[in-house]
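Protein chains: 2
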Amino acid sequence: MPDRERRWNGWGFADESAPVPESARTWLSKRLGAGDRLSAVPERDVRIPPARPVPDLPATTLSDPSSRLRHACGLGFPDVVRLRTGALEAFPDAVCFPENTRQVVAVLQSAAAAEVALVLRGGGTSVVGGITVRPGPRPTVVLTLDRLRGLASLDSVSLLATFRAGTLGPEVEGALAPCGLRLGHEPQSFEFSSVGGWVATRSAGQRSTGIGKIDDLVAGLEVATPGGVWRLPAQPASAAGPELRRLVIGSEGCLGVITEVTLRVRPLPECRDGVAVLVPGWSAGMEVCRALLQRGPVPEVVRLSDPDETSFGIALTELPRLASSVRNAIFGLRRFRHGCLLLLEWAGSLQKVTLARQTAAKVWRDSGGLALGRTGWQRWLDERFRHPYVRDALLSAGWGVDTLETATRWSALAALHNAVREAMTVAAQKAGFRTAVLCHLSHAYRDGASLYFTFLWPLRCGDEIGQWQAVKDAASEAIISNGGTITHHHGVGTMHAPYLEREVGEQGIAALAAVTRALDPQGFLNPGVLLLQTPEPGPRTPGGREE
Amino acid sequence: MPDRERRWNGWGFADESAPVPESARTWLSKRLGAGDRLSAVPERDVRIPPARPVPDLPATTLSDPSSRLRHACGLGFPDVVRLRTGALEAFPDAVCFPENTRQVVAVLQSAAAAEVALVLRGGGTSVVGGITVRPGPRPTVVLTLDRLRGLASLDSVSLLATFRAGTLGPEVEGALAPCGLRLGHEPQSFEFSSVGGWVATRSAGQRSTGIGKIDDLVAGLEVATPGGVWRLPAQPASAAGPELRRLVIGSEGCLGVITEVTLRVRPLPECRDGVAVLVPGWSAGMEVCRALLQRGPVPEVVRLSDPDETSFGIALTELPRLASSVRNAIFGLRRFRHGCLLLLEWAGSLQKVTLARQTAAKVWRDSGGLALGRTGWQRWLDERFRHPYVRDALLSAGWGVDTLETATRWSALAALHNAVREAMTVAAQKAGFRTAVLCHLSHAYRDGASLYFTFLWPLRCGDEIGQWQAVKDAASEAIISNGGTITHHHGVGTMHAPYLEREVGEQGIAALAAVTRALDPQGFLNPGVLLLQTPEPGPRTPGGREE
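Chains A and B, in that order, give the protein sequences.
Mapping the first sequence onto the working numbering, position 183 (from 1) lands on 183, and the numbers just tick up by one.
Mapping the second sequence onto the working numbering, position 184 (from 1) lands on 184, and the numbers just tick up by one.
Don't read these hints as lab results, they were simulated from the structure.
Every value quoted in this text rests on a predicted model; they were computed, and no experiment measured them.
Be careful, since some hints might not be right.
Stated by the list, open to error - Computed list of chain B residues with no C-beta within reach of chain A, every gap over 12 Å:
hint	residue
1	R202
2	P280
3	A497
Claimed, not checked - Below, a list of computed lysine-lysine pairs in the DSS-like style, where the Cα atoms sit at most 27 Å apart:
hint	chain 1	residue 1	chain 2	residue 2
4	A	K352	B	K362
5	A	K362	B	K352
6	B	K430	B	K30
7	A	K352	A	K30
8	B	K352	A	K352
9	B	K362	B	K352
10	A	K362	A	K352
To be verified - Derived list of chain A stretches under chain B, where covered just means 3 residues or more per stretch with a C-beta under 8 Å from a C-beta of chain B:
hint	region
11	79-86
12	162-176
13	201-210
14	247-256
15	262-275
16	417-426
Note that the Cβ used here is the ideal one computed from N, Cα and C, for glycine as well.
Turn these sequences into a full structure, and let the hints steer you where they fit.
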């Protein structure tokens, strides 16, 4: 089937968009002031230099300007600004479309023999520079998994489904649903991101509180490496040395090309239920989430907005007059002056869902929470994949927006939330502009939770990336200094690579560099991604340490 | 507190033992015939060669014969035979007792500078040759974590407890219980094995079906390496590159010395309940287990004996006359001719446990199962840590016994069970003796389960290890050829190292070798364990592959 056309210079489908509601414009103008609108140049105005010659590769390879442009980068903030202004730093010299594992291995071997860099691409939604082609002396080929699609096999007894790496979210669920099964991994990029990309970047889905991160869903892997196919067949558990599947999960293409993934699937739930709850504040909300996770039953979705995100969410939502009056009355209560919106969803048997909801209701009531019914949850469910389109509309309207995320233990969560907000606000002030920082807790665990920050600011023409960088750097520094992980589910890419050593230690970097060098001796797979310096080929220094 | 004395040449406490019941002797004599009794030599008859000189190490170091003997090996079958016959192949030249992380690093650095091999030892219960000193040109020092004991810190908000690596099972639970918490990790070696050992070997506990393997319980780690301390602080989840904690978990001391572990703990359960169920056969039993895992609620303990283990279990259990008659009547039913004993246990709130038991009862009844009440479960609970003592008693009585374990997906479990039993039986026949192979499924997952085999045979004087090796080799070969993991929770050690490459691929071995060489350039940590060949120091061959 022909894929629905994707927007070449922004998020999502070309024929879909999400305008900024008038109420949100008012909120932003009041909070941040107006900015410079960033219009988008037409495709014909993008200057694409001639492609450098690349060796013959044993799979379909295209070098036309349109293909090169459409595979030049992901969808991070700098990517989108450069796409809109037509000012990309580099383009691939060719795009290669292998159709099966054998072709992937053959392409790797040809590319390894030649002096080219390979950028590995799944659904193309990286927001951390993981697939952005960078200038360099070597010609660059983008290897896309676009043609490795579909369900390869299903073991319905063991609830294991093996998908080719390029299979997109809706295709995964579409293949499983007729068998009464689902995966349930639903990142915001669900419609566009691929199984292989999820695994390569250690993705989390919006249901990961109940379903688990992709880390937990992977039972087996097939990886094409320059040295041949590496198979790690599905096992429920093992003690046969370190779990090497976990070394591939999150390796961001530096160890090889993930070609097939065996995933743990589950029966479609008999029943679903959800609720929006207003809790009296951020601390109270975090306590509710912690109690639900530590005492159970664990909801499938847990999503708590902080007061600023709650208030922005209200600004964005246009309700009928009566509903609006009721809402304003509730939010006008002194008790909910710093009110936080909490969305919960349960799935499973009717009995299980009913019991879980009752248990949860006791928890939120004990914390002063007030159930607002199913509407807010249903609205989120319906609109959750539309949110990223708003970025494009905001840029056109004069405001920049980006998101970043982290996670830490429950006892450190409030301090991390404060520190990151404060650092971002101060960084923007120093750079002479205002920023709004919104946050939600959206993936919860027994021992901690993730924080997902959205920041908005008025654009300054020509300095859009500089503004973004100032705030992003401050946030990254605050995260690492306050015990957060530099990324909970977006991945490292190039953006977070400078912070990785502070998180995993010099021994961690040495271990990763050693594995990368062992499996990719030429250092030609996704150079610059994950590790700041791609380990150089050639003899090691004695002692085995990187210089 | 002074530790209770351990048996130097067999399992457990010196003042505790488990005689072979008369009924079991009868069963064994009938099934296997009588064997040669393997008596144990007194300690004074063990010939211990003089210690080779070792460099001064910056921690308490002992070289007396008793310490060297008591740290020469683990408790695998060959270890115990050699201990009983006083014929160990090698002894450490010294035993080093660092008292904190700083001392461990200092010892590593001194040892790396000298030409010694280090064997890292936790509780000393390895059954796979993981801590057995082997002959070699280099003097060998055993570094024991025995003095790194106790709870280092507790974060009761995040339910995270940090223990020093040498802390033993009862000490872990003893430190947590007064805070209303538990870890719940209870391997059969619980009384003697240590936190660091659990992590180094990817241990599973008897409650791991409900609690998770140690892999899932580790939130953070501190590892002493020759290059310094490697800290991977507790995080609930991350996407910051591959999960390096998982690279340390199962690394069996080849990457460094685990000195502290932050574990995910949980509230003590309000209530526990268990039951013994008789199911009409092995297939029916596996179906019950699979249904419980895939549909939930998941029991904390699932333990299904195959028909042979069920019948041996009955032979071992002496009941009062009336109970015995009832039991014989039930097992005499045609429906239960190949009956299998299933033990289940639930823990949690009264409501949760009651509901889970009701749901499970429906599942086992649908499969023709019959609840036998709580007695069988309670007996298992009371006696489960006594079972390993039986090995020593059996050796004295003329029978060898060992265990081995694997895991695979549900759809392959029956075939794996058959193949391993068959291979072991045939191997014994070929070698001219009979063997009884018993099996239970004891760690269940949504996608598969572990199989734990016990095999018994009549000993042939002087050839005890040869007999064992013949059966063990056949089992390992059958496991690897039939899609099982070579070990589900005992670890690789030296015994399973020859099979690792067939499980994880040449790329997997290359990755492990590269990491080992990066963190232990001298190759002096647990040489021969995990990887067949300890990567040699010095320059690599071009292309990065091991020769």
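Quick rundown of the hints versus the structure:
no., hint, result
1, R202, "4 Å, violated"
2, P280, "20 Å, holds"
3, A497, "9 Å, violated"
4, A/K352 - B/K362, "16 Å, holds"
5, A/K362 - B/K352, "16 Å, holds"
6, B/K430 - B/K30, "20 Å, holds"
7, A/K352 - A/K30, "46 Å, violated"
8, B/K352 - A/K352, "10 Å, holds"
9, B/K362 - B/K352, "16 Å, holds"
10, A/K362 - A/K352, "16 Å, holds"
11, 79-86, "violated (count 0)"
12, 162-176, "violated (count 0)"
13, 201-210, "holds (count 4)"
14, 247-256, "holds (count 8)"
15, 262-275, "holds (count 3)"
16, 417-426, "violated (count 0)"
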